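So the sequence lines, in the order shown, correspond to chains A and B. For the first sequence, numbering that gives the first Met the number 0 assigns the number 0 to the initial residue and increments by one for each residue that follows. For the second sequence, numbering that gives the first Met the number 0 assigns the number 0 to the initial residue and increments by one for each residue that follows.
If you are wondering where the hints come from, they were derived from the structure by calculation, not from laboratory data. For clarity, every value in this text was computed on a predicted model and none was experimentally measured. One or more hints might be untrue.
Claimed, not checked - One side of the interface only, derived from the structure: several residues of chain A facing chain B at Cβ under 10 Å: (1) V66; (2) S78; (3) R90; (4) L100; (5) A187; (6) T191; (7) V192.
Claimed, not checked - Covered stretches of chain B (chain A as the covering partner; in silico rule of three or more C-beta atoms under 8 Å from a C-beta of chain A): (8) 6-14; (9) 27-37.
Beta carbons: idealized from backbone N, C-alpha and C, even for Gly.
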Amino acid sequence: MITVEFLYRLMGILTGAAAVINLRDRANPTRVANALFWGLWTISFLAGTWLPDLANGVLILAMVAVVTLRGGKASSGESTTRAERFESAKRFGNRLFLPALAIPAFTLLANATIGRITLGGIPLVDAKEVTLVSLGIATVLALVIAMLMLRPPLAAPLGEARRLLDSVGWAAMLPQLLAALGAVFAAAGVGTVVSTLAARWIPGGAPLLSVSAYTIGMALLTMLMGNAFAAFPVMTLGIGIPLLINGLHGSPTIIAAIGMLSGFCGTLMTPMAANFNIVPVALLELPDRYAVIRVQVPTALMLLAVNTLLMYTLAFPR
Amino acid sequence: MLVLSGLLVVVLGFALRLNPLLVVTAAGIVTGLAGGLGLVKTLATLGHAFTESRYVAIVWLVLPVIGLLERAGLRERARELVTGIRAATAGRVLLAYLALRQATAALGLVSLGGHPQMVRPLIAPMAEGAAERDVPGLDDTTRQEIRAHAAAVDNIGVFFGEDIFIAIGSILLIKGVMEQAGITVLPTRLAIWAIPTAIAAFVIHGARLLRLDRRLLRRAVGPS
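For reference, chain A alone in the conformation it holds in the complex:
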């Protein structure tokens, strides 16, 4: 049976290689900090399942300490020159797109098939893990295709992965840490408190006001929590259901659907949604940490206004 644990091993190999290559790279001034950061993450991938919770918590503190104290972000140079890449681009032409497009193609294919495969009555993949395992299988297959096509040195894939990991730096780990924060918020009952506060402070009555409180509240809470999924139950139980559905007899379907989309407007405007807004800043080597958010804010605000008006005009009986 293939499980996500198998994918964590692969990730461990990736970050482990990044640590070792960094450590041996005497030209990199932050090699030790980089090696420590990727090395600690490697422990989490390879041994996290078996380590006590407290040890995993200490692991986080150590990683954060490395980043805070040493900065630890210096991208190593390109492995081929610009001229070499142009030459290679000319030689392979559009075939270069093949392995890149093979990733989504194989992901979809695997997604549709591996859930149904059984070996001696035991399913090959746990139904809950099909999507993740599909992505894992697709990347491995795409890598094989790329290796056969390009015939680079055998160590090249890990060397390249290290180059990209170093250029993304600490941002690579931020989405996972935020997911953990979400779980801590939930365990401490942050949602319940916000929900109670919202229900107490937002007055019922005027429809446009109540609708705005819900849509804008969804966007704001999403910005704080980094995730519309976390904000939706809180705002819907606190404002959506008592005020809009029970109080003003609005359509539950329309209110819930547009409420969630109002939350997505918030996702576009917050650094807390790191995988969407901070990781690409690192991937695209932009100097301004909030560059992607800046570009998204006008669209998000206009769309939030549209959502508010849509809910106001469509959801209530006239």
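Since the structure of chain A is provided, determine the placement of chain B on it from the hints.
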């Protein structure tokens, strides 16, 4: 009330531009302490949740392939391909990707995209290449703005496309939350009511992308 102090840490930390890893960890610890968990229990909760969330990092498994292809000139090739098509301006390249991303997400194909596998190696170089062709001596600020737009298009496309698909996580979450409150909503109806916003998102953001084109072209004609 006290458990909300974690949210305060988040707001202050990001406003002061402290390192996000530090901010998020501090927010987690403050929330746990305020919730009365004690330091050891808080660290353990955070550690447990972090380990359980490792699946979030699986996207990075694409890096060896992407890096290998970049090494072999994928970004240069993407750039060249677009430069050869005169009609493909930066704004139009991004608009086409927005349409593609939204349409495929609406069909449930959310994995056809993403920043590491699509935006960095393909979409950003394409848009940048088109702008370079049309605006001689493209300045760095504009170049960075175009890259940021490439990332934004991926986000906006998937956010306002995926809810049209009935089996996506957010639709199932809505159904679950409403059911707990004793209200039945049908996924198919939820998906239909995601369409007006999807259209608005395409029109609003599409118009902004075409305006980006006009701004680039004005610069190409000459400094005014």
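Taking the hints in turn, this is what the structure says about them:
no.	hint	result
1	V66	holds, 5 Å
2	S78	holds, 6 Å
3	R90	holds, 8 Å
4	L100	holds, 9 Å
5	A187	holds, 3 Å
6	T191	holds, 9 Å
7	V192	holds, 6 Å
8	6-14	holds (count 4)
9	27-37	holds (count 6)
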